[in-house]
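Colleague: Chains as they are written, first to last, in my numbering: chain A, 110 to 578; chain B, 54 to 253.
Source of the hints: derived by calculation from the structure; they are not laboratory data.
Listed below are the simulated DSS-like cross-link pairs for lysine-lysine, each with C-alpha atoms no more than 27 angstroms apart in a straight line:
| # | chain 1 | residue 1 | chain 2 | residue 2 |
| --- | --- | --- | --- | --- |
| 1 | A | K164 | B | K240 |
| 2 | A | K125 | B | K246 |
| 3 | A | K374 | B | K246 |
Label pairs and their computed distance ranges (CB to CB):
| # | chain 1 | residue 1 | chain 2 | residue 2 | range |
| --- | --- | --- | --- | --- | --- |
| 4 | B | D103 | A | G443 | 28 to 36 angstroms |
| 5 | A | K272 | B | P117 | 41 to 49 angstroms |
| 6 | A | V418 | B | S211 | 30 to 38 angstroms |
| 7 | B | Q56 | A | W363 | 47 to 55 angstroms |
| 8 | A | L415 | B | E105 | 28 to 36 angstroms |
| 9 | B | L118 | A | P526 | 34 to 42 angstroms |
| 10 | A | G477 | B | I62 | 55 to 63 angstroms |
| 11 | A | P526 | B | E176 | 33 to 41 angstroms |
| 12 | B | D103 | A | G564 | 25 to 33 angstroms |
| 13 | A | K272 | B | Q56 | 30 to 38 angstroms |
| 14 | B | S120 | A | E284 | 56 to 64 angstroms |
| 15 | A | G438 | B | N226 | 52 to 60 angstroms |
By construction, the Cβ of each residue, glycine as well, lies at the ideal position given by its N, Cα and C atoms.
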Amino acid sequence: MNTLFDKIWDRHVVQKVTDGPEQLYIDRMYCHEVTSPQAFEGLRQRGLRCFRPEKIVCMPDHNIPTVGQDKPIEDAVSRCQVETLKRNAEEFGLTHYDMFSKDNGIIHVVGPETGLSLPGMTIVCGDSHTSTHGALGAVAFGIGTSEVEMVMASQCILQQKPKSMRITIDGCLGEGVSAKDVALFLMARLTTGGATGYFVEYAGQVVRDMSMESRLTLCNLSIEMGARGGLIAPDEKTFSYLKDRKHSPKGKEWTDAVEYWRTLKSDCDAVFDKEVRFDGSEIDPFVTYGTNPGMGISIGETIPLLEDVDRNEHDSFTKALDYMGLVPGRKMLGLKIDYVFLGACTNGRIEDFRAFASIVEGRKKSDGVTAWLVPGSWAVDRQIRDEGLDIILAKAGFEIRQPGCSACLAMNGDKVPAGKYAVSTSNRNFEGRQGPGARTILASPMTAAAAAVTGVITDPRTLLRGFQG
Amino acid sequence: MKQKFDIIISSCIPLPLDNVDTDQIIPARFLKSTDKNGFGQNLFRDWRFDKEGNPIKDFVLNNPLYSGCILVVGKNFGSGSSREHAAWALAGYGFRVVISSFFADIHRNNELNNFILPVTVSENFLETLFKDIREDSRTQVRVDLPNQRVTNMKSLQSEHFEIDPYKKHCLMNGLDDIDFLLQNKDKTEQWEKMNSSMEE
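This is chain A alone, in the form it adopts within the complex:
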């Protein structure tokens, strides 16, 4: 009768507040430097300590420079925020991976790859992309700083239980189509508010066939449809991904855990508040043309005409296209671009670097393009080098920078200049997101790679080996 989401959520309800929300127990909280300082300050003002410090892990990622991490951060305000996190972690007795640690990286990359995030857990962070961890079969969602303070103080949070939605994607994806394209497709179909109020379970053959990295990408983008989170039932792929990770259970604890995790799936007769179904074979590489992630089209399509847009949205649509320097009815293919960004909690994992390398191998970076390739963590960086991807990328004229959130939100020095077009594997194309006036086109790692070597928006499938034009 129960959905996977119900099973995990209900088990963590400490109590239901009369006529109000539920008090939900949190198994793991991550803190980064941007959304935590005011929460620590709140604790100090109330004279409180962290209730369960061992369940909280801190790491700076938003302000981290992607070159010269061995030197102090140049920007004084960024440096202050990063140092404040370290001081707070020390004062409150929390685990902290600082910028120089080989365990550092983007929280949403490090959590899964170290086994800090596990199936069945409730996971929160003051960051909307906490939904990423749902790929392991966890209930993971972003919260505000007041809520971060609540969890610090009590290991609990007060929340209304969201409604449940299942998105089933049948069939299989074509070559050159990735989890990122699936997510951009879903946002375009459901809109950026289409899943607001819901927690999404992703299901279907396409999802079952996805690697863990792809599932992490898919769940990462749940928030861009407005969903509080997204999750996927854990399976053998999940277990083999987690086995022997640094913080995964070991020995008998592992066996017991896997036994429990196998029960974490929606019952056959589970009822969802909303169900939608798509055919994976109909999904093409996708790009955005506007200023929210739902404004996307298949790469070969043209930007919608004004008359095809809901009348109430004409102003927002026109404002978005003005900002992007684009016009209704034009093709995205062939648009000259200036920057390429591979990275972020969305697409900064090893599989993303493999995909990028597969396209640029034997080709050269276009002269007009500035490319930032930023691994999601030091572990990803090590694997890139172990697999020799760094050599392929270097031969094609690309260098690898140091891990961090980087140009996804441009809080460090990686800013796209005003008016320039950036093909970005990150998660948001909002106005100014990658720097004031920057024009972001969201795409998959392969589409970003195709743009990087051609200098224009290019269908990555035309660059695949054996392509017959």
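Could you slot chain B onto chain A? The hints should help.
Modeller: Leaving out everything else, chain B in the frame of chain A:
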């Protein structure tokens, strides 16, 4: 910030745009503070000021015709980033109520946790209100939290709005969730004991 809430009557500041995300409410480069103060001056920064920091005349916050502590915005307000800085910026600027036909989840919670009241109204109410404000910038709205009613004082259109009874109690009495959670620590510890087998 813990300002008790009752009835508010105010003129409005209209922003008739949909999908206003939290990156627009407060851009990322202004998130580097380690306290909650000063965000109001950067509210809607890149719509409000040009590159040199001069006010952009066309933007509604720079238009002296409009004033008040109620922001009226298009649907899906506060989508995107979870940054509570967006709520601190709205509160810091002086807003106490935001009226829209649809709010993004996390931002809505962030507003409530900062004693800003998000009022969800019907599309029709919102459209009429935008029209009335356009025709008369002094159009007032009455927000009555105890009775959960919002009234357009020009057209006299009035609607019931939803709010969780617990949150309503918190807003009316200046209480926050941490007060509640601290009082319930024994229940949390009980839960931990019952679920210790789940521990890693």
